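S.K.: Okay, here's what each chain looks like letter by letter:
Number of protein chains: 2
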Amino acid sequence: MARMQPAQRRAAILEAAVAEISERGFARTTSRHVAARAGVTHGLLHHYFPDHDSLLAAAFEAMALEEIDEANAAIASDRDPLAQLREITEPFGPGGGEAAYRFWLEAWAEAYHSPKLQETSRRLSVAWHELVVGVIERGIALGVFHCEHPHETAWMVVALSDAYALQTQIGSGLAPSEMNHVLWRLTERELGLEPGALARPAAAEPTPPAHSGH
Amino acid sequence: MARMQPAQRRAAILEAAVAEISERGFARTTSRHVAARAGVTHGLLHHYFPDHDSLLAAAFEAMALEEIDEANAAIASDRDPLAQLREITEPFGPGGGEAAYRFWLEAWAEAYHSPKLQETSRRLSVAWHELVVGVIERGIALGVFHCEHPHETAWMVVALSDAYALQTQIGSGLAPSEMNHVLWRLTERELGLEPGALARPAAAEPTPPAHSGH
DNA sequence: CAATGTATTGGCCGTTCGGCCAACATGCAA
DNA sequence: TTGCATGTTGGCCGAACGGCCAATACATTG
Numbered sequence: 001m002a003r004m005q006p007a008q009r010r011a012a013i014l015e016a017a018v019a020e021i022s023e024r025g026f027a028r029t030t031s032r033h034v035a036a037r038a039g040v041t042h043g044l045l046h047h048y049f050p051d052h053d054s055l056l057a058a059a060f061e062a063m064a065l066e067e068i069d070e071a072n073a074a075i076a077s078d079r080d081p082l083a084q085l086r087e088i089t090e091p092f093g094p095g096g097g098e099a100a101y102r103f104w105l106e107a108w109a110e111a112y113h114s115p116k117l118q119e120t121s122r123r124l125s126v127a128w129h130e131l132v133v134g135v136i137e138r139g140i141a142l143g144v145f146h147c148e149h150p151h152e153t154a155w156m157v158v159a160l161s162d163a164y165a166l167q168t169q170i171g172s173g174l175a176p177s178e179m180n181h182v183l184w185r186l187t188e189r190e191l192g193l194e195p196g197a198l199a200r201p202a203a204a205e206p207t208p209p210a211h212s213g214h
Numbered sequence: 001m002a003r004m005q006p007a008q009r010r011a012a013i014l015e016a017a018v019a020e021i022s023e024r025g026f027a028r029t030t031s032r033h034v035a036a037r038a039g040v041t042h043g044l045l046h047h048y049f050p051d052h053d054s055l056l057a058a059a060f061e062a063m064a065l066e067e068i069d070e071a072n073a074a075i076a077s078d079r080d081p082l083a084q085l086r087e088i089t090e091p092f093g094p095g096g097g098e099a100a101y102r103f104w105l106e107a108w109a110e111a112y113h114s115p116k117l118q119e120t121s122r123r124l125s126v127a128w129h130e131l132v133v134g135v136i137e138r139g140i141a142l143g144v145f146h147c148e149h150p151h152e153t154a155w156m157v158v159a160l161s162d163a164y165a166l167q168t169q170i171g172s173g174l175a176p177s178e179m180n181h182v183l184w185r186l187t188e189r190e191l192g193l194e195p196g197a198l199a200r201p202a203a204a205e206p207t208p209p210a211h212s213g214h
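Chains as they are written, first to last, in the numbering used here: chain A, 1 to 214; chain B, 1 to 214.
Where hints are given, some of them may not hold.
[What the hints assert, rightly or not] Here are the computed distance ranges between Cβ atoms for each label pair:
1. E194/A to E70/B: 39 to 45 Å
2. G43/A to H149/B: 25 to 31 Å
3. Q8/B to T30/A: 33 to 39 Å
4. T41/B to D69/A: 49 to 55 Å
5. H46/B to H47/A: 36 to 42 Å
6. R37/A to R79/B: 56 to 62 Å
7. E70/B to H181/A: 52 to 58 Å
[What the hints assert, rightly or not] Which chain B residues face chain A? A few, computed with CB under 8 Å, are given here:
8. M1
9. A2
10. A27
11. D162
12. L166
Hint data in this document are derived by calculation from the structure and do not stem from the laboratory. All of these numbers come straight from a predicted model, not from anything done at the bench. In this text, a Cβ means the ideal position worked out from N, Cα and C, and glycines have one as well.
Given only the sequences and the hints, what does the whole structure look like? Please build it.
M.R.: Here it is, written out as structure tokens:
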């Protein structure tokens, strides 16, 4: 390939790596496939990422940063705590689609085998939790929410959102719409909202691109 | 190795496969390592499981059956719905330890790549959900629980239990004891129990071997 | 005892992997 | 222009993989 700016080349490789990981998983992601997807020889990939683990870790880091940025952007675009909470609890929450959640599932599974991935995964999980805590506490300060344990409620929201995304992929005893209904009902009760407050007055998108995770 | 009953040999191989999958994950589990762990040559393993996928699928199936059997046994050993619910919501719920949950995490991640694993995973997820539904409905019939939507509440219990186990491995904004507190508090509220009804009157084990689910 | 079926062994093959490196191409500075 | 740093290529290596198979050991049946 023609010469390219190192930063661009690196970004292209990381993008290809993220896509490859989402499709094949960490363990089955080979440097040669990533190189081919990025339009690069495997030798050049080794020039940017000396060993395989550094490539995977960098791809994970890039994906994590992108995810949390998108979440923050989605939160920042709306100053109403109730709307922010909808953004979070909407299927599958801010940040991406089913492919994005597959990535997180892979990351969680792989984290056990890699201390580096575990560290990044943990940091992001905490960041996501604190994001929700922030929304709740702002809502409390504004008098919109009433909640005794914001940290616990935030954990519930995150946990149910994750479970929603997980069981959407695997399948469970509940339909996705029912899961979302439970998530909303429990969140409303935890925050002292009136039933149905989280359900949108008018549906904006019929089938919006979804996504999940932290 | 000395000659052995085919059923025993097969069981030994499957046990080794489950252990290997739990430690290394599906993708990194090699037939040669499983064979070595089972004290068998790789050629013999091929005699029992013609190809690699059939070995992984059989190991998953075996683990799934064992898991659901243990859960049913744990439920059956106690006829009091409240005690049964404790058994389910106890960290990490009935069925195994952290290693067992790692297995499920691997299975969920791998299910996307294998229709056979996805089918088994889905069946087991439904079975687990219905197990909890059964406990709740029995409790309602006995007048111990009061619940409008047993299916939804069961999903909440399963979802939060899964999230508990997941975030125990990954890390999150909450300590394990706090997560368990949330799980109990929400379950009590959903079932019309008095606060603290799920917390054991007297702690039986200080640090019991834990585990999780479905 | 002989014979047949099966458990079991160990070696082999083709493929693919991660990693390494000599060579070439290109841009930039002296 | 010359020279050096660096992007880029493609081939090579050893290791490990899944799969295959001829040979062997053993148990059961006739």
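S.K.: The hint names M1/B as touching chain A; please verify it with the least Cβ-Cβ distance against 8 Å.
M.R.: Violated - the Cβ of M1/B stays beyond 8 Å from chain A, reaching only about 30 Å at its closest.
S.K.: 39 to 45 Å was suggested as the range; check whether the CB atoms of E194/A and E70/B agree with it.
M.R.: 42 Å, holds
S.K.: Between Q8/B and T30/A, does the beta-carbon spacing fit 33 to 39 Å?
M.R.: 38 Å, holds
S.K.: Do the Cβ positions of G43/A and H149/B conform to the proposed distance bound of 25 to 31 Å?
M.R.: 59 Å, violated
S.K.: Take the C-beta atom of H46/B and the C-beta atom of H47/A, compute their distance, and say whether it sits inside 36 to 42 Å.
M.R.: Distance hint for H46/B, H47/A holds at roughly 40 Å.
S.K.: Using the beta carbons of T41/B and D69/A, state whether their distance is inside 49 to 55 Å or not.
M.R.: 52 Å, holds
S.K.: For the pair R37/A and R79/B, does the Cβ-Cβ distance stay inside 56 to 62 Å?
M.R.: 57 Å, holds
S.K.: Can you verify the interface hint for L166/B: is its Cβ closer than 8 Å to any Cβ in chain A?
M.R.: With a minimum Cβ separation of about 6 Å from chain A (threshold 8 Å), the hint on L166/B holds.
S.K.: Within 52 to 58 Å or not, the Cβ separation of E70/B and H181/A?
M.R.: 31 Å, violated
S.K.: Is the shortest C-beta separation between D162/B and chain A less than 8 Å?
M.R.: 6 Å, holds
S.K.: Taking the least C-beta to C-beta distance, is A27/B closer than 8 Å to chain A?
M.R.: 3 Å, holds
S.K.: Per the CB criterion, is A2/B less than 8 Å away from chain A?
M.R.: Result: violated, 35 Å to nearest chain A Cβ.
Checked against the numbered hints above, the structure violates hints 2, 7, 8 and 9; every other hint is satisfied.
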